[in-house]
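In case you want the letters, here they are:
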Amino acid sequence: MPSPEEVRQVLRSILDPEFPVSVVDLGLVRGVEVDGDVVRVRITLTSLGCPCVELIREDVRRAVQQLEGVREVVVEQVFERWSRADITPEGLQRLREAGVV
Amino acid sequence: MDEQALLQRIREGKLVEGPQHATERYLEGLKRTLIVSADTELISAPAYLRAARHAPSLNAYVSALGIIQDELGHAHIAYRLLEDLGVNTRQLVYERDPRDFKHPYAFDVPLDSWTELVVANAFYDRAGFVLLGDIFRHTSYGPWKRALVKVDREENFHLRHGERWMEILAANPATREELQRAVDWMFVMTLEWFGLPDHLKRHTEQIEYGLKGSTNDQLRQEWMSTAVPLCERLGLRVPAHYDPQLGQYVVDCPFPAEFDEENKRWRFEDGPVSWDQVLQRWRRRGPANGELVFQLQRAYRQLAA
Chain A
1272 MPSPEEVRQV LRSILDPEFP VSVVDLGLVR GVEVDGDVVR VRITLTSLGC
1322 PCVELIREDV RRAVQQLEGV REVVVEQVFE RWSRADITPE GLQRLREAGV
1372 V
Chain B
3 MDEQALLQRI REGKLVEGPQ HATERYLEGL KRTLIVSADT ELISAPAYLR
53 AARHAPSLNA YVSALGIIQD ELGHAHIAYR LLEDLGVNTR QLVYERDPRD
103 FKHPYAFDVP LDSWTELVVA NAFYDRAGFV LLGDIFRHTS YGPWKRALVK
153 VDREENFHLR HGERWMEILA ANPATREELQ RAVDWMFVMT LEWFGLPDHL
203 KRHTEQIEYG LKGSTNDQLR QEWMSTAVPL CERLGLRVPA HYDPQLGQYV
253 VDCPFPAEFD EENKRWRFED GPVSWDQVLQ RWRRRGPANG ELVFQLQRAY
303 RQLAA
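The listed protein sequences derive, respectively, from chains A and B.
Here the first sequence is numbered in my numbering, starting from 1272 and rising by one per residue.
Here the second sequence is numbered in my numbering, starting from 3 and rising by one per residue.
Heads up, some of the hints might be wrong.
Said to hold, decoys possible - Label-pair ranges, simulated between beta-carbon atoms:
#1 D1306/A <-> L248/B: 53 to 61 Å
#2 G75/B <-> R1342/A: 56 to 64 Å
#3 R1333/A <-> L60/B: 18 to 26 Å
To be verified - Negatives, chain B to chain A, calculated, CB over 10 Å:
#4 E14
#5 K16
#6 E26
#7 V64
#8 S65
#9 L74
#10 N90
#11 Q220
#12 T228
#13 L236
#14 A242
No lab work stands behind these hints, which were simulated from the structure alone.
Note that CB positions come from ideal geometry on N, CA and C, so glycine has one too.
All chains, full assembly: derive it from the sequences and hints.
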């Protein structure tokens, strides 16, 4: 079974559907728990009416499911506040390059 | 600046930053290209909104609205560039006759269901993605090139939304047939979107001036190179296939053809028609043209009254 850090590592490969930044660097991942062969990922969204919610959930589920020893992935949507301050310095750099910020 | 100096600048790979670097003929070609792009993005908003009402869930509806909002943003970018070139965009958007809009005929055929909307996202937005991607890579006009970075990513989301929903609809026997019917008319409609084949094309300054990099036929091929495999993967029939000997995609139906607007089907039984007949149909515009433009202009008219 993977460690939470290994799960986070795979989440770094998942880009936001609209921006070339990973969901980790965008500050959307709010918790990873590994309980036996069940992985629980808590994600928040940049806005309540996020048009990409289904795509993000599916991408997260699919990527984590690939890890060895994972039987079930639970993607839990939490309504924690998100702001620009949650973007990592790497994420901000990528967004600057894309002309977004 | 004279013609020769302009062409020299473009050949050296330097960008045109404004009228001071360009000729009248370049600016006219640029404006014509920008108006088509702006009108296409703009008209897609009411066209998509009309069909979004049929969204099967709240999340699906929010996704559709997100796409519509993006399209309005893209339209705004193109109109803003036109405004900077001295074009009266208020007149263009709010006072123009619906038939004078320059979007493809495809958007004049109404989208009547969630199924048709998601196929539009997968097919029409892919056409936009191919066309704008080409402009992004090749345009000699600096302000447009820089503005397209963000557009490219957003169109990517629209494509994924369309593909994801096509997968869902294809997997369900209850919705599969309706999906195939939408693909049947919308596939050929998008082929037509790319316009006259290269040997009939009249405006050549688009390539000459580096406003775009690829020809209509090349762009049509590029569109098919991802649209056809998508449909094949989902087990949907499309009238085109890859010919390994020719190294390109081949269209397997009479093309161009006459379109039966009432029943939304191609009259393949009448055989291929001439591009002159297609141009006539485009100039007449399609059934939803007036309704969609009216929606865009309604509030402006009410305020002016």
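Original post:
Failing hints, ascending?
Top reply: Going through the list in order, the structure violates hints 2, 7, 8 and respects the others.
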